[in-house]
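*Asks:* This is what each chain is made of:
2 protein chains.
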Amino acid sequence: MAIEIERKFLLNNQHWREQVSRSTRIAQGYLNAEPSRTVRVRVKGDSGFITIKGKNEGISRVEFEYEIPAADALELLKLCPNVLDKTRHLVNIDGHTFEIDEFHGLNNGLIVAEIELASENASYPQPDWLGPEVSGDVRYYNSALSEKPFSSW
Amino acid sequence: MAIEIERKFLLNNQHWREQVSRSTRIAQGYLNAEPSRTVRVRVKGDSGFITIKGKNEGISRVEFEYEIPAADALELLKLCPNVLDKTRHLVNIDGHTFEIDEFHGLNNGLIVAEIELASENASYPQPDWLGPEVSGDVRYYNSALSEKPFSSW
Chain G
1 MAIEIERKFL LNNQHWREQV SRSTRIAQGY LNAEPSRTVR VRVKGDSGFI TIKGKNEGIS
61 RVEFEYEIPA ADALELLKLC PNVLDKTRHL VNIDGHTFEI DEFHGLNNGL IVAEIELASE
121 NASYPQPDWL GPEVSGDVRY YNSALSEKPF SSW
Chain R
1 MAIEIERKFL LNNQHWREQV SRSTRIAQGY LNAEPSRTVR VRVKGDSGFI TIKGKNEGIS
61 RVEFEYEIPA ADALELLKLC PNVLDKTRHL VNIDGHTFEI DEFHGLNNGL IVAEIELASE
121 NASYPQPDWL GPEVSGDVRY YNSALSEKPF SSW
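Chains as they are written, first to last, in our numbering: chain G, 1 to 153; chain R, 1 to 153.
Hints are supplied without guarantee of correctness; some may be wrong.
One copy or two, it doesn't matter: identical chains are merged, so the pair holds either way.
To be verified - As a list, the in silico DSBU-like pairs of lysine-lysine whose alpha-carbon atoms are at most 35 Å apart:
no.	residue 1	residue 2
1	LYS8	LYS44
2	LYS78	LYS44
3	LYS148	LYS55
4	LYS55	LYS78
It should be emphasised that the hints constitute simulated quantities derived from the structure, not laboratory data.
If we strip away everything but chain G, and leave its shape as in the complex, we get:
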């Protein structure tokens, strides 16, 4: 088990694109999209994962992640009602990594940046492209985006 502490932001501009170190396509779906016991299936490059997350307490959440064969993950995605398609871009700044998710399909046009922190009060870099924080806004949960995509807002 791990405790996931992360902040999520919208983006002010496209300057982050010049700082991307790596980009990976991700397909993910939810065997359960309930925030209190989310079960996510993900195919990321050649790897598959199943991830269970508990209820949010502030910006923290218990998380269990298991690597599984990518072929299994592809089969499991077929059991999920909706599948999210996104490209994850990594931007490293001062020893921190921003994960910037650029969504495709029904969530096209949505781009969010996430940063994992060691504690709820930890400081983090604030580049000019980092926009308003949306950590507490459930609409931006990936599980919510699979059910109510950005294009339907």
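With chain G fixed as given, assemble chain R onto it according to the hints.
*Replies:* Chain R alone, transformed into the frame defined by chain G:
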């Protein structure tokens, strides 16, 4: 991925108890109890498992099972709304194994026997204690028993 083909039966009498080769206590809960994408967490002796099952087609069902640390499984059970407690007894007859589940707690009094088959039409032993088949009866799904236990029928 595996395809699980199994038949489930009630029991006519207690004669099966004389043939038990092994008994194991099992605790299990559901991160999703929907039959179309069941996500089960199980602690069986010293082992933990997460198992995903798809929708039933007749008596067949796709199944994916992953072993996980028992400590994780115990934490994951805390995310499940209801936890089933049962003792699984194994009875071997003519190269087949019956798994006989004796439920405790809110399902106390319920005992069912399951047998896995290689094909939907495969023959199987029919000892005198094997009662009426309930394979298609959703009330006997373990996921259903976690939500509507036997004592509430």
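*Asks:* Hints first: check each against the structure and report whether it holds.
*Replies:* Hints and how they fare:
Proximity of LYS8 and LYS44 under a CA criterion of 35 Å is satisfied intra-copy only: 20 Å inside one chain copy versus 38 Å between copies. With identical chains, the CA atoms of LYS78 and LYS44 are at most 35 Å apart both within one copy (16 Å) and between copies (28 Å). With identical chains, the CA atoms of LYS148 and LYS55 are at most 35 Å apart both within one copy (19 Å) and between copies (24 Å). Taking the closest pair of Cα atoms, LYS55 and LYS78 come within 35 Å of each other both inside a single copy (25 Å) and across two copies (11 Å).
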